[in-house]
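Q: Next come the chains, spelled out residue by residue.
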Amino acid sequence: AQKVTQAQTEISVVEKEDVTLDCVYETRDTTYYLFWYKQPPSGELVFLIRRNSFDEQNEISGRYSWNFQKSTSSFNFTITASQVVDSAVYFCALSPSGAGSYQLTFGKGTKLSVIP
Amino acid sequence: GAVVSQHPSWVICKSGTSVKIECRSLDFQATTMFWYRQFPKQSLMLMATSNEGSKATYEQGVEKDKFLINHASLTLSTLTVTSAHPEDSSFYICSARRGSTQETQYFGPGTRLLVL
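Line by line, the protein sequences are chains A and B.
Residue numbering for the first sequence is 7 to 122, as defined by my numbering.
Residue numbering for the second sequence is 50 to 165, as defined by my numbering.
None of these hints come from the bench; they were simulated from the model.
Any given hint could turn out to be false.
What the hints assert, rightly or not - Derived DSS-like pairs: lysine-lysine, alpha-carbon spacing no greater than 27 Å straight-line:
| # | chain 1 | residue 1 | chain 2 | residue 2 |
| --- | --- | --- | --- | --- |
| 1 | B | Lys90 | B | Lys69 |
| 2 | B | Lys69 | A | Lys117 |
| 3 | A | Lys22 | B | Lys90 |
| 4 | A | Lys114 | B | Lys113 |
| 5 | A | Lys9 | B | Lys113 |
| 6 | A | Lys114 | B | Lys90 |
| 7 | A | Lys114 | B | Lys63 |
Unchecked claim - Where chain A lies over chain B, by a calculated footprint (3+ residues, C-beta under 8 Å):
| # | region |
| --- | --- |
| 8 | 93-101 |
| 9 | 118-128 |
| 10 | 153-164 |
We treat Cβ as the ideally placed atom computed from N, Cα and C, and that holds for glycine.
Could you build all of it, start to finish, from the sequences and the hints given here?
A: Below is the structure:
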């Protein structure tokens with residue numbers, strides 16, 4: 007069985023602060039994919055990143071960075087110099103790899119509020 | 050890009066009526082589409098997986114006769130909530146997977162259903 011845990015239900019930060027959203031996962035698969043999605047108040051889920059379990063390199067995209075640590079089954083997401091537009095619910099998700107296995111297991115989400 | 054649309058975005062209906070929600074992949078062919086349900090302040094729960102030209106696979110606890118899914122083409126899947134009741138009120142989101150090797154799911158903007 008797969009499980010994704012986002013222990014932080016809600017986080018509030020002041021604009022320009024850095025913030026890290028935690029994600030811990032459980033899976034018996036040897037290969038898998040990890041994802042982060044952003045859900046703004048409008049409701050649409052926006053894809054942010056996909057990471058293959060083979061690739062433990064950290065990734066940076068602008069103000070966003072991701073820290074994948076297979077040893078601790080964590081895939082944390084950091085926003086640097088947060089902005090009000092970053093306010094949203096962020097979901098971490100897990101999917102097994104392999105043909106036909108693309109079902110996503112979502113965490114419960116972390117609501118981020120960036121205060122001006 | 051990978052754009053997924055949903056129609057309608059909002060629907061209010063009387064108890065007992067049926068409601069059809071369309072999910073379209075606008076700029077790619079989607080071999081697989083997924084239907085999710087999201088209650089307020091909760092995570093996404095997968096309802097069913099829909100493959101083009103075949104019957105949908107429903108998750109445990111989801112009534113297939115209640116939630117009819119049709120995936121008639123590579124760009125269109127429909128979800129029909131039959132004989133809707135107030136407890137069916139929710140946010141329904143579809144996603145589409147591009148091709149047979151693309152692991153990322155792209156989400157539609159969602160449909161808010163309110164059954165009176």
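Q: All the hints need checking, so say for each whether the structure fits it.
A: Here's how the hints hold up against the structure:
no., hint, verdict
1, B:Lys90 - B:Lys69, "24 Å, holds"
2, B:Lys69 - A:Lys117, "30 Å, violated"
3, A:Lys22 - B:Lys90, "26 Å, holds"
4, A:Lys114 - B:Lys113, "25 Å, holds"
5, A:Lys9 - B:Lys113, "25 Å, holds"
6, A:Lys114 - B:Lys90, "9 Å, holds"
7, A:Lys114 - B:Lys63, "31 Å, violated"
8, 93-101, "holds (count 3)"
9, 118-128, "violated (count 0)"
10, 153-164, "holds (count 8)"
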